[in-house]
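Q: So the number in the numbering used here is just where the residue sits in the sequence shown, counting from 1, plus 542.
These aren't lab readings, by the way, just hints derived from the structure by calculation. It cannot be assumed that every hint is accurate.
Straight-line C-alpha distance at most 25 angstroms; calculated DMTMM-like pairs for lysine to aspartate or glutamate [said to hold, decoys possible]: (1) 744 <-> 607; (2) 546 <-> 968; (3) 817 <-> 843; (4) 822 <-> 843.
Label pairs and their in silico Cβ distance ranges [said to hold, decoys possible]: (5) 695 <-> 892: 32 to 42 angstroms; (6) 768 <-> 694: 49 to 59 angstroms; (7) 663 <-> 576: 33 to 43 angstroms; (8) 627 <-> 718: 22 to 32 angstroms; (9) 617 <-> 720: 19 to 29 angstroms; (10) 646 <-> 604: 34 to 44 angstroms.
Built from N, CA and C at the ideal position, the CB exists for glycine as well.
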Amino acid sequence: MDAKISVSRLGGTAAVPPSKSAAHRAVLCAALAGGTSRIENIAYSQDIRATLGAVQQLGARVAEEPDAVTVTGRGTEGFPTVTRPVFCNESGSTLRFLIPLFSLTAQKVRFTGAGRLFARPQEVYHLLFSRQGLRFEHREDGITIFGRLSPGGFTLPGDVSSQFISGLLFAAPLMESVSTIEVLAPYESRSYVDMTLDAMQKFGVKVTQRQRKDGSVLYRIPAPQRYTPCDLQVEGDYSQAAFLAVLGVLAGGISVTGLQAASRQGDRVILDILKRCGGKITGTGGTLRFARSLLKATEIDLADCPDLGPALFALGCFCNGTTVIRNAGRLRLKESDRIAAMQEELAKFGAQVTAEGDTVSIRGGALHRPEVPLQGHNDHRIVMALAVTALAAGQPAVIRGAEAVNKSWPDFFEVLRALGAKIDTEPTA
543 MDAKISVSRL
553 GGTAAVPPSK
563 SAAHRAVLCA
573 ALAGGTSRIE
583 NIAYSQDIRA
593 TLGAVQQLGA
603 RVAEEPDAVT
613 VTGRGTEGFP
623 TVTRPVFCNE
633 SGSTLRFLIP
643 LFSLTAQKVR
653 FTGAGRLFAR
663 PQEVYHLLFS
673 RQGLRFEHRE
683 DGITIFGRLS
693 PGGFTLPGDV
703 SSQFISGLLF
713 AAPLMESVST
723 IEVLAPYESR
733 SYVDMTLDAM
743 QKFGVKVTQR
753 QRKDGSVLYR
763 IPAPQRYTPC
773 DLQVEGDYSQ
783 AAFLAVLGVL
793 AGGISVTGLQ
803 AASRQGDRVI
813 LDILKRCGGK
823 ITGTGGTLRF
833 ARSLLKATEI
843 DLADCPDLGP
853 ALFALGCFCN
863 GTTVIRNAGR
873 LRLKESDRIA
883 AMQEELAKFG
893 AQVTAEGDTV
903 SIRGGALHRP
913 EVPLQGHNDH
923 RIVMALAVTA
933 LAAGQPAVIR
943 GAEAVNKSWP
953 DFFEVLRALG
963 AKIDTEPTA
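Throw the hints in and build the complete structure from the sequences for me.
A: This is the structure we're talking about:
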């Protein structure tokens, strides 16, 4: 699909979509609980549908409504026979959260997906399974596991995806005896693990943690425990709100609703970053207004908020000076190589983006109209960042592969249109 963006005058109020990270965790905990849970304010993106489909293969029952889902968990019953591959689409969260849980079925289980999912690193699980004498086959077209993980002491590096840590945390309470998970320093993306612990606590599971002087963290998970049902409402997504917030300080007059000030989402740091750049943000009570601002460059550490990367690349193009983004290396391991993708596409606007190791520098300056179509690189956040760039620059542009937004925010273009953006979508010729 092509998204054709025209020069637009923006303004108004938009509600952010539900947090995809929080929704994954809520659905998974509900699927493991003994009873029925109702999860409200849920959006059926491709990633969430992948998780909903997978938990049904674990024995949960799912009933969908337009903006809510009822999940009846497997409870204390044994796991069913897994008769077909577990399709994870392009969702790294779905895959990494569920590998340890499906191992508890003590069956041979195959995971399939789409896009670059199996090009993303899985060495942490490979090593973990090998240490317990279990087979773990990772090929270009999928992953196959054999056998049941046993409780014990697990040690994981802290500078890899936090999804591995969360996956073990979800499974450990269902094992036969207590387990510990030691996360070595440096511990990056810890806020995502905090979200996992928060969800588990809401569903009745207890985990203790201890911070060590060397920066490592030890989690202790008593077992066996039972997940208990819980009704909850999914909070708004700061990682998606970042695109509207950046657009607001660049184009002006955009209000955003649905965010929790006390959220555990690491991506809430977008507000602090924008303020450091001189962004004008006002409002309380779940509604924030972003006014057009004169922005200055700053330095940003992406270690705990990698999903903000593409939006911050766009932001840097409009800041006076050179924006420096550190610890950005993990962006190369997402749905696309996000560093290379943003370099390639922003260059079409005339932007100067350089990368050296894990550090990216973006020099602010005037942008011109792209002479060739922009490419979405099959990556939802790349598409959204390019749309923000074109609208903020006041330059017409065409984004090819714009359907990638369906992965996390299917209504993205409709939300922009409601704010005044002139965007036509049509099949790619």
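Q: Now look at each hint and say whether the structure bears it out.
A: Each hint tested on the structure:
no., hint, result
1, 744 <-> 607, "holds, 22 angstroms"
2, 546 <-> 968, "holds, 8 angstroms"
3, 817 <-> 843, "holds, 15 angstroms"
4, 822 <-> 843, "holds, 21 angstroms"
5, 695 <-> 892: 32 to 42 angstroms, "violated, 54 angstroms"
6, 768 <-> 694: 49 to 59 angstroms, "violated, 21 angstroms"
7, 663 <-> 576: 33 to 43 angstroms, "holds, 34 angstroms"
8, 627 <-> 718: 22 to 32 angstroms, "holds, 27 angstroms"
9, 617 <-> 720: 19 to 29 angstroms, "holds, 22 angstroms"
10, 646 <-> 604: 34 to 44 angstroms, "violated, 20 angstroms"
The structure does not agree with the numbered hints 5, 6 and 10 stated previously, though it agrees with the rest.
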